[in-house]
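A.B. asks: Listed below, chain by chain, are the residues.
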Amino acid sequence: GQNIDQPTEMTATEGAIVQINCTYQTSGFNGLFWYQQHAGEAPTFLSYNVLDGLEEKGRFSSFLSRSKGYSYLLLKELQMKDSASYLCAVRDPFTGGSYIPTFGRGTSLIVHP
Amino acid sequence: DGGITQSPKYLFRKEGQNVTLSCEQNLNHDAMYWYRQDPGQGLRLIYYSQIVNDFQKGDIAEGYSVSREKKESFPLTVTSAQKNPTAFYLCASSPNGDDSRETQYFGPGTRLLVL
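Chains as they are written, first to last, in the numbering used here: chain A, 1 to 113; chain B, 1 to 115.
Treat the hints with care, since some could be wrong.
Distance ranges between label pairs, derived from CB positions [as the list claims (entries may be wrong)]:
(1) Glu-77(A) with Glu-62(B): 38 to 48 angstroms
(2) Ile-17(A) with Lys-70(B): 39 to 49 angstroms
(3) Glu-69(B) with Ile-17(A): 41 to 51 angstroms
(4) Pro-93(A) with Ala-81(B): 23 to 33 angstroms
(5) Asp-52(A) with Glu-15(B): 29 to 39 angstroms
(6) Gly-63(B) with Thr-13(A): 35 to 45 angstroms
(7) Pro-93(A) with Leu-115(B): 36 to 46 angstroms
(8) Thr-5(B) with Ala-39(A): 17 to 27 angstroms
(9) Asn-28(B) with Pro-93(A): 21 to 31 angstroms
(10) Gly-16(B) with Lys-81(A): 41 to 51 angstroms
The hints are simulated quantities; they were obtained by calculation from the structure and are not laboratory data. Backbone N, C-alpha and C define an ideal beta-carbon position, used for all residues, glycine too.
This is chain B alone, in the form it adopts within the complex:
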């Protein structure tokens, strides 16, 4: 089955700790995205990548980092610099990120909680 997987489903972070959220897709999509969702808020773009070894900051990149070493993988690290990391994190992918009709496909999400 083709799709996007995110792990873990729930993640707990201690103060001052970096944590990494996994996102893998087997759809052969070029473009991948990370969004953050807070209660009562829409999805806000953290980072996106159109191609391997290249990525761009979104609207709220501060305190986050990403890598795109493989086409199918786009992990997100929430660093200790992110002071309010508690949120629902969604990863998405699309075929190549430059077609206006293109639909994004979303993973099941990771809920990050701060202890």
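So that you can see chain A by itself, here it is in the shape it has in the complex:
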């Protein structure tokens, strides 16, 4: 089975840094994705991690520790437009077919002035 946990909601101040955590328990592991989803819109791809360590991409970074079943998404220099839901998704080759990721419930991030 699979279990993916994220905080339901977080708030932060414009210009600050926020870290959104994701923990997972899966039979196998073949990559972790982070997506951003604005209300009523489609999720858009942010990052992919399959090896341990930090992947940096502009204001966004994603970290993975496979031994701990843990990832985080780090958002720097927060802007109001970063207010959105952030979805963690894990690929488990032993569950489902065709490397289809399983999604967590998402973390709703509210950025206030």
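Fit chain B to the known structure of chain A by using the hints.
C.D. replies: Only chain B this time, still in chain A's reference frame:
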């Protein structure tokens, strides 16, 4: 412009009625997927298809049906057997569905409401 389109944006269903949600992609992707999203829930997989004329059930296929007669099209029918159809439906595609690094591309979604 390449991408995924879903229509309509909003859809209303009456009791006992079947409705069909459209999903079209011009990305030349082999794999297509349907997800359902409820408030406070993650995306749950309804059906997926890796190739034309073949599709597989996901985690919550009951009350839904699909077809994949063309590579670019993957319509989803919400049947009257689906007792709680109100949700946001997302269609996605990926190049061939069997590469672990592959990213899914999502359509804009259809919000289905029951009258």
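A.B. asks: Please go over all the hints and tell whether each is borne out by the structure.
C.D. replies: Verification of the supplied hints:
1. Glu-77(A) with Glu-62(B): 38 to 48 angstroms: At roughly 45 angstroms between Cβ atoms, Glu-62(B) and Glu-77(A) fall inside 38 to 48 angstroms, so the hint holds.
2. Ile-17(A) with Lys-70(B): 39 to 49 angstroms: holds (46 angstroms)
3. Glu-69(B) with Ile-17(A): 41 to 51 angstroms: Between Glu-69(B) and Ile-17(A), where Cβ atoms are some 49 angstroms apart, the hint holds.
4. Pro-93(A) with Ala-81(B): 23 to 33 angstroms: At roughly 32 angstroms between Cβ atoms, Ala-81(B) and Pro-93(A) fall inside 23 to 33 angstroms, so the hint holds.
5. Asp-52(A) with Glu-15(B): 29 to 39 angstroms: violated (52 angstroms)
6. Gly-63(B) with Thr-13(A): 35 to 45 angstroms: Between Gly-63(B) and Thr-13(A), where Cβ atoms are some 44 angstroms apart, the hint holds.
7. Pro-93(A) with Leu-115(B): 36 to 46 angstroms: Hint holds: Cβ distance 42 angstroms, inside 36 to 46 angstroms.
8. Thr-5(B) with Ala-39(A): 17 to 27 angstroms: Given about 20 angstroms between the Cβ atoms, the range holds.
9. Asn-28(B) with Pro-93(A): 21 to 31 angstroms: holds (25 angstroms)
10. Gly-16(B) with Lys-81(A): 41 to 51 angstroms: holds (42 angstroms)
Taken one by one, the earlier hints fail for this structure only at number 5.
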